[in-house]
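**Q** If you use the numbering used here, the sequence shown corresponds to residues 2 to 233, in order.
Be a bit skeptical, because a hint or two may be false.
Pair by pair, the computed Cβ-Cβ distance ranges are [to be verified]:
no., residue 1, residue 2, range
1, P115, D90, 26 to 36 Å
2, S199, A53, 17 to 27 Å
3, E105, L44, 36 to 46 Å
4, T150, D191, 43 to 53 Å
5, R62, T150, 18 to 28 Å
6, S118, P77, 19 to 29 Å
7, D191, A74, 21 to 31 Å
8, N188, N93, 15 to 25 Å
9, S199, A54, 42 to 52 Å
10, N188, V59, 47 to 57 Å
Hints in this document: simulated from the structure, not taken from any laboratory.
Since we're looking at a predicted model, the values are computed, not measured.
Note that the Cβ used here is the ideal one computed from N, Cα and C, for glycine as well.
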Amino acid sequence: MNRRRVFAAIFFSVVIIAVLGVIVGAEIVSGGQTISVLRLRTLVQRGDVYSAADVDVVPLRIAPGDLNYETLASVPAGARFALPLQAGDLLNPDELEPPGAEIEISLSIINPPPIQSGQSIDIFAAVQESQVLIAHAVPVVGVSGGQFTVLVSSQDELAWIEIAASSAQLHAVVAITSGPTGLPPANVQDAICELAPSDCAGLAASSPATAPASSGAAKPSPTSTSTPTPSP
């Protein structure tokens, strides 16, 4: 009789242990794993250079594949934020641009609108009788009077260098929404047309005296407080 009780106790102990093992295993599978992610501790603007001082490292328990995330070791030096983010946002790779994807260029803007670093602008260049949109929603990273330092694609670096070094008449307006490397352009008009080929193609078919306004960009309105009066 005692032997049966011993066997029964052993049997039920094994069953209980097995059930507990199944429960613990299911909890581990459903509960995922604990990882260290980057959480912003301050507001950042599009174009700001990433710094480790901008983030906190926080533990987060997730299931595998549930989250695309960055770690301190995975962010390359010189990476920039691809969009504005708020304090408390978790950082993921889609919100960073690799070093060299964009370059800083300094431009002289005629009658500049009131702009602060962190905002974006649309840039127009005078071509014949029209204002051609050559850049849409480019981030401004520095302002000094009429000198704007903006971020542009490194693929267009040679064209922008030609424009910045020329006497091209540039205007800008505040952007409402956030728009090939080779031989350098021969002159500023070639540089402008490299950035806005469809507009220049239409202008080339018209005489300078009757050239219509560019269909690809609205001419800045002289009545708007944030829109400069173009001086072709």
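**Q** Determine for every hint whether it applies to the structure shown.
**A** Right, here's what the structure says about each hint:
1. The given range of 26 to 36 Å is respected by P115 and D90, whose C-beta atoms sit roughly 28 Å from each other.
2. Range check, S199 to A53: Cβ separation about 43 Å, and the 17 to 27 Å hint is violated.
3. Between E105 and L44, the C-beta spacing of about 21 Å breaks the proposed range 36 to 46 Å.
4. For T150 and D191, the Cβ-Cβ distance of about 24 Å falls outside the hinted range of 43 to 53 Å, so the restraint is violated.
5. Between R62 and T150 the beta carbon distance is about 42 Å. The supplied range of 18 to 28 Å is therefore violated.
6. In this structure, S118 and P77 meet the distance hint of 19 to 29 Å, their C-beta atoms being roughly 23 Å apart.
7. Take D191 and A74: their Cβ atoms lie about 44 Å apart, and the range 21 to 31 Å is violated.
8. Distance hint check for N188 and N93: the Cβ-Cβ separation is about 43 Å, which falls outside the suggested range of 15 to 25 Å.
9. For the hinted restraint 42 to 52 Å between S199 and A54, the CB-CB distance of approximately 43 Å keeps it satisfied.
10. Against the hinted window of 47 to 57 Å, the Cβ-Cβ separation of N188 and V59 comes to about 53 Å, which satisfies the hint.
Consistency note: the structure conflicts with the earlier hints numbered 2, 3, 4, 5, 7, 8.
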